[in-house]
Amino acid sequence: MPLHGEESEYTRVLEDVRDLVAHAIGAGNSAESVREFWREQIDRYVEDAAASDRM
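Numbers 13 to 67, taken from our numbering, label the letters of the sequence shown in order.
Derived from the structure by calculation, the hints contain no laboratory data. Don't be surprised by glycine CBs; every beta carbon is placed ideally from N, CA and C. Be a bit skeptical, because a hint or two may be false.
Unchecked claim - What follows is a list of derived Cβ distance ranges for each label pair:
| id | residue 1 | residue 2 | range |
| --- | --- | --- | --- |
| 1 | G40 | E18 | 31 to 41 angstroms |
| 2 | W50 | E21 | 11 to 21 angstroms |
| 3 | R66 | G40 | 32 to 42 angstroms |
| 4 | V58 | V33 | 11 to 21 angstroms |
| 5 | E21 | Q53 | 15 to 25 angstroms |
| 6 | D65 | E44 | 29 to 39 angstroms |
| 7 | M67 | A34 | 28 to 38 angstroms |
| 8 | G40 | P14 | 33 to 43 angstroms |
| 9 | H16 | A39 | 29 to 39 angstroms |
| 10 | R66 | N41 | 29 to 39 angstroms |
| 11 | G40 | D65 | 36 to 46 angstroms |
| 12 | P14 | Y57 | 12 to 22 angstroms |
| 13 | G40 | L15 | 30 to 40 angstroms |
| 14 | A61 | L32 | 14 to 24 angstroms |
Build the full structure now, drawing on both the sequences and the hints.
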């Protein structure tokens, strides 16, 4: 499903996340632990944004 908003901004942020993921794996973290970390962070951000949007 496409997102509304400036696609280039999403792309820039995703490139930053990609670099952070590569750094975390290069620092010795497993792919699964990095995946779980980002999954939890994104879930939290989505919930926070949804909650603030409902207010």
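Hints, verified against the model:
1. G40 - E18: 31 to 41 angstroms: For E18 against G40, whose Cβ atoms are near 35 angstroms apart, the range 31 to 41 angstroms holds.
2. W50 - E21: 11 to 21 angstroms: Distance hint for W50, E21 holds at roughly 18 angstroms.
3. R66 - G40: 32 to 42 angstroms: Given a distance of about 40 angstroms, which is inside 32 to 42 angstroms, the answer is holds.
4. V58 - V33: 11 to 21 angstroms: holds (18 angstroms)
5. E21 - Q53: 15 to 25 angstroms: holds (18 angstroms)
6. D65 - E44: 29 to 39 angstroms: The hinted range 29 to 39 angstroms holds for D65 and E44, with Cβ atoms some 31 angstroms apart.
7. M67 - A34: 28 to 38 angstroms: Since the Cβ atoms of M67 and A34 sit about 37 angstroms apart, the hinted range of 28 to 38 angstroms holds.
8. G40 - P14: 33 to 43 angstroms: Holds - the Cβ-Cβ distance for G40 and P14, about 36 angstroms, lies within 33 to 43 angstroms.
9. H16 - A39: 29 to 39 angstroms: Taking Cβ atoms as reference, H16 and A39 lie about 35 angstroms apart, which means the hint holds.
10. R66 - N41: 29 to 39 angstroms: holds (34 angstroms)
11. G40 - D65: 36 to 46 angstroms: holds (38 angstroms)
12. P14 - Y57: 12 to 22 angstroms: holds (19 angstroms)
13. G40 - L15: 30 to 40 angstroms: Given about 33 angstroms between the Cβ atoms, the range holds.
14. A61 - L32: 14 to 24 angstroms: holds (20 angstroms)
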